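Just so you know, the sequences run in chain order F and G. For what it's worth, my numbering labels the leading residue of the first sequence as 1, then goes sequentially. For what it's worth, my numbering labels the leading residue of the second sequence as 371, then goes sequentially.
No wet-lab data here; the hints were simulated from the structure. There may be inaccurate statements among the hints.
[Said to hold, decoys possible] Result set (BS3-like, lysine-lysine): computed pairs, CA atoms no more than 27 Å apart in a straight line:
1) Lys-345/F <-> Lys-574/G
2) Lys-825/G <-> Lys-345/F
3) Lys-192/F <-> Lys-979/G
4) Lys-979/G <-> Lys-964/G
5) Lys-192/F <-> Lys-844/G
6) Lys-195/F <-> Lys-964/G
7) Lys-964/G <-> Lys-144/F
8) Lys-825/G <-> Lys-740/G
9) Lys-345/F <-> Lys-788/G
10) Lys-384/G <-> Lys-409/G
11) Lys-345/F <-> Lys-964/G
12) Lys-835/G <-> Lys-195/F
13) Lys-442/G <-> Lys-144/F
14) Lys-978/G <-> Lys-201/F
15) Lys-201/F <-> Lys-547/G
16) Lys-195/F <-> Lys-788/G
17) Lys-384/G <-> Lys-203/F
18) Lys-971/G <-> Lys-200/F
19) Lys-978/G <-> Lys-844/G
20) Lys-200/F <-> Lys-547/G
21) Lys-289/F <-> Lys-304/F
22) Lys-192/F <-> Lys-788/G
23) Lys-442/G <-> Lys-417/G
24) Lys-200/F <-> Lys-979/G
25) Lys-971/G <-> Lys-953/G
26) Lys-394/G <-> Lys-442/G
27) Lys-192/F <-> Lys-547/G
28) Lys-455/G <-> Lys-441/G
29) Lys-971/G <-> Lys-203/F
30) Lys-384/G <-> Lys-455/G
31) Lys-195/F <-> Lys-971/G
32) Lys-979/G <-> Lys-203/F
[Said to hold, decoys possible] Reference listing, derived: stretches of chain F covered by chain G, where coverage requires no fewer than 3 residues with Cβ under 8 Å from a Cβ of chain G:
33) 168-182
34) 185-199
35) 327-339
[To be verified] Chain G is faced by these chain F residues, among others (derived, beta-carbon under 7 Å):
36) Leu-143
37) Lys-345
38) Arg-346
39) Asn-347
40) Phe-349
Computed from a predicted model, the values in this text were never measured in an experiment. Glycine included, every Cβ here is placed at the ideal spot set by N, Cα and C.
For reference, the chains in residue letters:
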Amino acid sequence: MKKSNKNQKRKKKLSKKSKKNWVKNTDIKDVESFLERKSLETIENQQVSQLKNNQLFVIDPTNQSISTESQLKPLYYEKILNSNPNIKPISSRKNKNQKISSINDKTLKQISKLKPEKQLVESQRKLLEVEQKKEKKKDDQVLKMWENSKNQNPRRKNKLNRYKRKKIPSIILPHNGTSINPDPESRSELEKIWKDYQVKKEKEKQMNLNFGSNFNSKFDLNSDSKFDLNSDSKKDSKTLFHIKNNFIWEITDISEQNTPNQLQKKITEKPKNQKDILNQEIDNLDQIKKEIQQENEEIKKRRKARYQRLKNRELYEPPKYFTEIPEPFLNENEVSGRFIDLELKRNLFQDRFLSYQRRSLLPVTKKREN
Amino acid sequence: MGRRKQKKPVIESKYLTRGQALRKLQLSLTEFRRLCILKGIFPRQPKKKGSGKVYYSIKDIKFLSHEPIIKKFREFNSFYKKIKKAIGKKEFQKIKSMESNLPTYTLHHIVKERYPTFIDALRDLDDCITLISLFAILPSSSMVPANRTQNCQKLYCEFLNYIIKTHSLRKVFVSIKGIYFQVEIKSQLITWITPHQFTQHPPKNIDFRVMLTFLELYEAILKFVNHELFYSINLRYPPEFDQEKLSNGDLLGALILLNENENENENENQNENQIENENENENQIENQKLMRERIKTLEQKLISVEKNEAINVQNEEKNQKENQGLDQEVEQNFFQKMEEDEDESTRKQYKQAQKQRSRKVIYGNLFEGKIFYLNREVPRLPLEFVIRSFGGKVGWQGEGSEFGENDEKITHQIVDRKRIDRRFISRAYIQPQWAFDSVNELILLPVEDYAPEVKPPHHLSPFVKDHIVGYIPKRREELISLKSFRNSSKKKKSNLKNQNQNQNQNQNQNQEELEKNYAQELENEFKGITYSQLEEQKKNKTNFQEVEIEGNEKSILSKTQLENQIRNKQPKKTSVFDQNDEKTQLAKAVMTRKQRIAFNKAQRISSKKQNSIDRLINKRVAFEIENQDEEDIKKRKTKSKQK
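Can you make the complete structure from the sequences, with help from the hints?
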């Protein structure tokens, strides 16, 4: 008996404690069949044994198997689309012609790899011709910019006036004196214009130098005495100059300059006895002298360096506006009327650059030697 | 309570500095400069000037921010970073494959934006063509690659060939800087400078990157303009270049101009011929059979057809004669109607068409029938351009010319040397200035003044209007007299033809003139004027010019007489305001302050002008007195030798 018990499969002990396990592990078939029978009886008002076969069973002549497992699952997007037929699918390509061009590109690559000795097939030849015509048409279409300009409406007024035509012409018409064989009157006229231009420049330089010379007369670089603050001659020339933002400001003597702290000290300090004051001054004279000398030497150095820089540089820098330069001309000895003897006076690249600055197309940043 | 917001100054509200603009657009300085040049946006000068900085308006920079080229600049930067990485890793194959994917951009939309019509582009062609002609002559360097110069050469040649074909060149002037040309296209005047054909070395002071960006824009503009111009003449664009001529240096002649429809017809005919050859063999056999059968049946029909053809030919000849007369009548009636038409628009169109025809006749036939030969030392390109645009033919010393130096058909040889070893009697030897002067005056000037041994006369600029300046130089007076002489000689020829028809009219006119002279003589007798006095008055009326043309001996004049002669020939300005008049003084009293300032300014300018004119006249008098003294000395020497 024990052997038969051993041969029997050991049954797993199934738990039925939770609802989940109970639903999983219990057999409800008996109950379901009973309930079906009962529902039929109530519908037919007869017992199941008394029912006929036609009432109990239906034969389906079609071969469709309605098993859920064998049925293929519909795709998710089909569900969505079937539910809303108004949504149309998006095509994979925008233009159908792209497909054709892609094909022709491949054939063109193949054709390009072919050697010219090989004869092209008619289909390849036709494709080549078609492509060449298309390229020509494309080029023509691109270059035809102003084809329909007549039919367009007249140009609206550009409110911003961005592309307003400049009144200054790009090319200034030439003077009679600039020719390779000029008449003497016009050539002399240009000479006079050049002289006036050079005189103006020299005057400007002299203005700067005179201003600089005023410095030098008072603060001569060569004479060291002028830089001594304690000298007697300096008492008259108490004013100093300080340059800031291209303007020149007057500054009082440094020795007399009283900072606010110094003023407070003077006010707060109590007057001492005259004896104490004199004693202190006598003791500190040497030190004071040394300090004053050191300060003067430093000041001298700084001023020398500053004025040397100012001498080389123009004090009054010209404003950043365009200055017109007169046109070139030939001297009397150079006038021959032949191309062989011609000497170029001005480079045309410089001329173009000047014209851009004249029309304010390019900013005038630095003074360029023309 | 909230704080009242402080109003920003005008500069900050309307203008941005360059640094602020760069930060806003997130571009580097070079890219920003390039963008501004391409779009045509330039710095502004505010009224209340701040520190010495460069200002741009805010609206312009907002307009720039929407430009699609900015994306391309950023793609460039990323592309070059990738290349640098690959160079560092030494992946050269990768670099080769990446070169094909270089990002490119076009300027079509910018050109369309800046020049919406064709005439707007024509107005700004001056600067475009000067720059392109400059770069066409530059040698290749690290800054300017060879491709750019070749492209500039091609574009320039295309433009010049259009002008040659349409005969639209008007003025030429040779100056120290270069050669000025003026052209008329669609009633728009375009002037530009070409440099002399010397090697141009670019200067170091100039930023070439700026010039290259301008060049980029102008190349695109010229390309579109050339296409439009060629399309208007029914020529194919882009044209082809003959490589052999290009290698020889012949730029103008290397262009092959073709009509638009020529090549298409050739291809169609080739295809048709191929198809026909394939099918001919099959159809020939069938046709032969059919022909044999027809011939047997068509003998009678052929006889009748011949008779009808003879009748038709006679009728056609009659109709042709009738139609010719009809055509002429129709044309005459048409043009008469156009003249008599009350509508001004049709009359204007007719006049414009007449003008265009007359211009082509004038500007295209000046050098017609003349054959020029250029020596080696002469600049070939400008002379070839000038001569061919006025209908002449050109040959030169070197490869590629149609004819050589020994050709007998040559009428003029242009030489720039002082001495010539070998001369041909059938041709005239002239300096290159002759061509330019005759083009400006539209007449063939005398050749003796421009001989190679002689110093040529002064070369005046045709752009200067003497009647506005107020001073007419001596050379201009001579040219005016030449023109009037030529025109009078032409009128005489035309009068000779009509002389026979107008004989009766002349007889009547002569009788009337005799009667007038008789009446005038009677008046002079009553006044007491003698015959000798009349003759002196007539001599004084004759101009200084006629004395030069008629006689070789010049009359020696004093300084004051010279001055008076010169002043009489200068243009006289009728000044509305004379200071001494009472009207001007009354008008001055009534003027406002602004009007008075403007009036004084105008008077100052006019006085300056008059002073300059007086200065020029005095100089001219001094020069002529020197010349008179020299001639006196020469005459005395010749007389002493004769004795």
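Item to complete: Could you grab the alpha-carbon distance between Lys-825/G and Lys-345/F and see if it respects the 27 Å cut-off?
Response: Within the cut-off at roughly 22 Å; holds.
| Hinted pair Lys-979/G and Lys-203/F, Cα distance within 27 Å | holds, 25 Å
Regarding the pair Lys-200/F and Lys-979/G, is the alpha-carbon distance no greater than 27 Å?
holds, 21 Å
Next on the checklist: Hint check: Lys-971/G vs Lys-953/G, CA-CA at most 27 Å. Holds or violated?
Outcome noted: Since the Cα atoms of Lys-971/G and Lys-953/G sit roughly 19 Å apart, the hinted pair holds (cutoff 27 Å).
For this session: Report holds or violated for chain G covering the segment 168-182 of chain F, Cβ cut-off 8 Å, minimum 3 residues.
Result: Coverage by chain G holds for the segment 168-182 of chain F (12 residues, Cβ < 8 Å).
Does Lys-144/F sit within 27 Å of Lys-964/G, going by the straight-line distance between their CA atoms? Answer violated: Lys-964/G to Lys-144/F is near 52 Å, above 27 Å.
Are there at least three residues in the segment 185-199 of chain F whose beta carbon sits under 8 Å from a beta carbon of chain G? holds (count 4)
Within 27 Å, alpha carbon to alpha carbon, are Lys-978/G and Lys-201/F?
Measuring from Cα to Cα gives roughly 22 Å; hence the hint holds.
Next pair to validate is Lys-835/G with Lys-195/F; report whether the Cα-Cα distance is within 27 Å.
holds, 25 Å
- Message: For Lys-195/F and Lys-964/G, compute the direct alpha-carbon distance and say whether it is at most 27 Å.
- Response: Violated - the C-alpha atoms of Lys-964/G and Lys-195/F are around 34 Å apart, more than 27 Å.
Hinted pair, alpha-carbon criterion (27 Å max): Lys-384/G, Lys-409/G. Please report holds or violated.
holds, 20 Å
Check your understanding: Keeping to a limit of 27 Å between CA atoms, is the pair of Lys-455/G and Lys-441/G held or broken?
Key -> holds, 22 Å
Comparing the model with each earlier hint shows violations of hints 6, 7, 11, 16, 17, 22, 23 and 30; every other hint is respected.
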